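Student: Next come the chains, spelled out residue by residue.
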Amino acid sequence: MTTQQPILTADAILERGLKNLWYPICPSHMIGREPVSLRRLGKKLVFWRDQDNKVHALDDHCPHRGAPLSKGIVMGDRIACGYHGVQVRCDGTVTRVPGSPGCKLEGSRPTQAYHIVERNDAVWLYNATENIDTPPPLVLPAELDADGEFSSFLCYTEWKGDYRYVLDNVMDPMHGTYLHKQSHSMAEGDNTAAFRIRDTDRGFVFEKEGQRDVNFDWTEWADTGTHWMRLEIPYPKTGGPGGNFVIVGSYTPISPTLAAVFHWRCRKLDGWQRDTWRFLYRNRLEARHWAVLEQDRVMLEDMEPDANQNEHLYQHDMGIVRLRRHLKNLAKAELERMQQGKA
Amino acid sequence: MDRYLEPHQARRHEPTQYESLLGDAIERAYAAGTHDLAGLVAYLNRTGPGPQEGEVWTEEVYKAQIAKLAEE
Ligand code: FES
Ligand SMILES: [Fe+2]
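Order-wise, the sequence lines are chains A and B.
According to full-length UniProt numbering, the first sequence is numbered sequentially starting from 1.
According to full-length UniProt numbering, the second sequence is numbered sequentially starting from 1.
What the hints contain is simulated information worked out from the structure, not anything from laboratory work.
Since this is a predicted model, take the numbers as computed values, not measurements.
One should not assume that every hint holds.
[As the list claims (entries may be wrong)] If you want a taste of the chain A side facing chain B, the calculated C-beta under 7 Å gives, among others:
(1) F150
(2) E158
(3) R202
(4) F204
(5) K237
(6) T238
(7) P241
[As the list claims (entries may be wrong)] Away from chain B, derived, C-beta distances all over 12 Å, residues of chain A:
(8) I132
(9) R212
(10) A260
(11) G271
(12) N308
(13) Q315
Backbone N, C-alpha and C define an ideal beta-carbon position, used for all residues, glycine too.
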């Protein structure tokens, strides 16, 4: 008898997210002591906090017969499955099979476990291909350094559609001039521009030639063990001191039709200026930023799932072309590693 | 709702009337190009609202109160 394996393609790999990278999963407040089941990265995962507030994650699939572990009972760093009581530790090891003590499932490590860190109000997961003991460090841009010069707020949203449309949108500065013309921060700048690509040691910058600090003028793509994008938008004078407003974005597939969208809104401020910005952000700026982001969401959600199969790209889309090619190459390399692993 | 769409993720409470008046005043000062603390304090003393504790804004009063408001 043969089992039919679906043929894996680079595109299918990208659809569920590349392996061996850190991904933001959800805001920290979404995970408590009770197990939570979340679909991310082509999988169903269970998350919970132990008595020390540390977050753990496993495949939400009991190694016995596949019941959701998220329906089980948390016992510190273990979960006891609600179906027959099998206990799985946070590293994926079965510690007890109460119905059949001493059976060979006990002590084995059949469940995939994931390393988790919490940074900047989000839960991050290392999407390893198999159980590993030590993940690489999660490196984030300076704007998100805990004791750096920036202050930031996370905005988390879920948008219908493939997360790669969100990547395309962020790698497309020119839409600021049109889609966001009516906004508190993007009314300025020419409505034509020439763009160029500049390589950096961690990725590349797609930027307008001869226009900076006027509108949404550039986007950086970077890979530091996690994929993130960075851009700046000038604040109007009412935004006070502190210069441009920086957005760091990172995007995680929930399913082929839903994306987890993380934006950290950052400003380089300290002292009373920082406190004033944080006060204004909570009191009013957050609502204005939300209105701008909604313009993106509504446009993206109305695009057909296959919109990117029938396009006529021009010079403003060079960044998108570059990013898609880069991701495709990473997916092909992953595919090759998988095939070699099997052979 | 079939997906998470929460416009207010930073707030811990609805803005109070006082907070919104103060926000208006700060934005007006900023819009006028007043981006320094002495200027902001003078502007607030001229147009209000006054501080919630004490009679007039001083730089110290402003720093202490905005630090509190920033985290509330
Ligand atoms: S399915 Fe979980 S213990 Fe049986
Ligand atoms: Fe946008």
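Student: Please go over all the hints and tell whether each is borne out by the structure.
Tutor: Going down the list of hints, with the structure as the test:
no.: 1; hint: F150; result: violated, 15 Å
no.: 2; hint: E158; result: holds, 4 Å
no.: 3; hint: R202; result: violated, 28 Å
no.: 4; hint: F204; result: violated, 30 Å
no.: 5; hint: K237; result: holds, 5 Å
no.: 6; hint: T238; result: holds, 5 Å
no.: 7; hint: P241; result: holds, 4 Å
no.: 8; hint: I132; result: holds, 30 Å
no.: 9; hint: R212; result: holds, 21 Å
no.: 10; hint: A260; result: violated, 8 Å
no.: 11; hint: G271; result: violated, 7 Å
no.: 12; hint: N308; result: holds, 21 Å
no.: 13; hint: Q315; result: holds, 34 Å
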